[in-house]
Structure formats: C-alpha cells, structure tokens
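Throw the hints in and build the complete structure from the sequences for me.
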Amino acid sequence: MDPNRLSQGQLVAALGAIALFIISFLPWFGISDVLQVQGTALDESYSIWEAPGNTFDFFLLILVLVALVPPALALLAGEGEGGPMAPIATALLGGVGTLMIIYMLFDPPAGFDRKVGLFLGLIACAAITVGGYLSMQEEVGAERY
Amino acid sequence: MTNGRLSQGQMIAAVSAVVLLVAMFLPWVGVDAPEAPQVPEGIQAPPGAAGEDTTNDIWEGSSLDVYLLITAVLALLPALLAVSGSAEEFSFASAATFLLGAVGAILLIVYLTIDFPDGAERKYGAFIALAACIAIAFGGFRALQEESAGGI
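Order-wise, the sequence lines are chains A and B. Here the working numbering is used: the first residue of the first sequence is 1, the next is one more, and so on. Here the working numbering is used: the first residue of the second sequence is 1, the next is one more, and so on.
By construction, these hints were calculated from the structure, which means they are not laboratory data. Please read all numbers here as calculations on a predicted model, not as lab measurements. Cβ atoms here follow ideal geometry from the backbone N, Cα and C, with glycine treated the same way. Any given hint could turn out to be false.
[Claimed, not checked] Over 12 Å on every C-beta distance to chain B, these chain A residues come out as not near it, computed from the model:
{"hint": "1", "residue": "L11"}
{"hint": "2", "residue": "I22"}
{"hint": "3", "residue": "L26"}
{"hint": "4", "residue": "E44"}
{"hint": "5", "residue": "S45"}
{"hint": "6", "residue": "I48"}
{"hint": "7", "residue": "L76"}
{"hint": "8", "residue": "A89"}
{"hint": "9", "residue": "I101"}
[Stated by the list, open to error] Examples of chain B residues toward chain A, derived with CB under 7 Å:
{"hint": "10", "residue": "L64"}
{"hint": "11", "residue": "I70"}
{"hint": "12", "residue": "L107"}
{"hint": "13", "residue": "V110"}
This is the structure in structure tokens:
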C-alpha cells in the first residue's frame, strides 16, 4: 500500500469519510430536563443511528462508502480513480449531506436538542465535499495536460 | 415550450421531478383511529369515542424532505436551463440526477421497510414518491447514455 497513489482530493475525502463514520456514533440529538429521577434531571442522547424516525443514517452510510471506495481501490488494487463519476458522486452527496445537516442544525426534530455529533458531522461532511471537489478539479486538470 | 432542446432522458427526469414534488404533499404516514362503538339507536356516542384517521406528509417528522426537494430541483434543472437557453452550462446535471434519484430510491425503500414509524400505516404518497425517484434515476441514466452517444 502506497499512500502516494492517492490524490490530495481523495485523501481529504477519505479522511472526512472515516471521521464521519466515527462521529456517527457520537450523540447527535438529545432530550434534556424531561426525565426527573429523585429531583435529578436525566439527559438522554441519541447517535444518528438511534435517532427515531430518521433515515439520514443510511444516507451517511452511502456517503461514507462513496467517499471511501475510490481511495480504497486506488490503494489496494492500484486502480487510478474508481471511475469518472466517483469525484462527482463524492462532491454531490457530500454537498447534499452538508445541506441536510445545516437544515437539521436550524430545525432539529421536534423535542430534541442539538448535540456535539451534529456539529462535528457538519465539519466532516464539508471535508468530504471539498475532497470530492478537489478530485474533480484534479481530474479536469489531468485531462487538460 | 422548448421540448426540442431537452433529451428524452431529461424529459423523463423533469416530469418525474414534478410528480415527486406533488407526492411530497400527499399522505405518507397514516394512523387509523378505532371504529366508533356500537350504540343503540337514538343514543349518541360520547364525543371522542371514535377518533379521526390522521395522515401526515413527508414534511412532518422526517429528514427525507430536504433530500427529496434537492433531488427534484436538480432533476428539473436541465428543463429550467433549457427554457432559459443555457443548458450547456451545467454539464454534470445528468450524472447528478441519476445519482440523487438512485440514492433517493434506496433511502425511500429503507424508510418504508426499516425506518417506518411503529404502528403507522404506509400511505400512497410514499409509494408514488418511490416510483418517481426510480423514474428520475432512469431519466438521468438515459440522459447520460444520450450524452455519451452524442459525444461519439
């Protein structure tokens, strides 16, 4: 395995995807000050996998796979880019994911608080988008020269 | 209208996007209320004994709404650009339409099978949206094929 096989964009997208996968298990939403046991407020928090009625977890899984597969192919199998659509897919899905998290930041599910995972997830999604965009530009540059 | 500028795939995606936008306002999730109790003739059932069936669309209580809105707008983009006469400026539209439509269909299948609220009933809006997403993905794929054939 030679990390130098990866382009800068692929590297940024892959690191963002790994970070996003880890962050998906952190608390994203929480309910606080609702449960009281012997006068003590209990905080209940949910990762994106546990949040009720939320399909965003599967979207994040697809995004992580789309961002990770081309660099993994380049590292393991020695293939160049993982197909011409790979950078577009990474940038597009990363951008949509970023927009969806921004929307959730402003309008969290009814009765839930925002937790740290939501903010870190936004940064990781933005990193994937930037990585995909850089890959697209690198590909255009490679075609030109 | 400028149908001549739109390819068949772009037309399929645009029409499906309109269907998807309409489907987002149809009932997706429903809860059937219990039937009214049998009471003797001439006696009124107490108020609230028989609840009303309630239905919700996708805008209430799901994170899918934003995703489907972005998908529909992107699928409509080539048609809107063709009307304004600047269709060539957005060359990634077909690939993006195919990708977002396909992922949208996967997410809707997951929503209908795994993530659906317990005790609720699936309504026709969700199935129409699923069909629209599949059609958007097909339209995007078709447009991609037409573009590559045109390039050769």
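Going through the hints against the structure:
no.: 1; hint: L11; in the structure: holds (22 Å)
no.: 2; hint: I22; in the structure: holds (21 Å)
no.: 3; hint: L26; in the structure: holds (17 Å)
no.: 4; hint: E44; in the structure: holds (18 Å)
no.: 5; hint: S45; in the structure: holds (17 Å)
no.: 6; hint: I48; in the structure: violated (10 Å)
no.: 7; hint: L76; in the structure: holds (24 Å)
no.: 8; hint: A89; in the structure: violated (5 Å)
no.: 9; hint: I101; in the structure: violated (10 Å)
no.: 10; hint: L64; in the structure: holds (5 Å)
no.: 11; hint: I70; in the structure: holds (6 Å)
no.: 12; hint: L107; in the structure: holds (5 Å)
no.: 13; hint: V110; in the structure: holds (5 Å)
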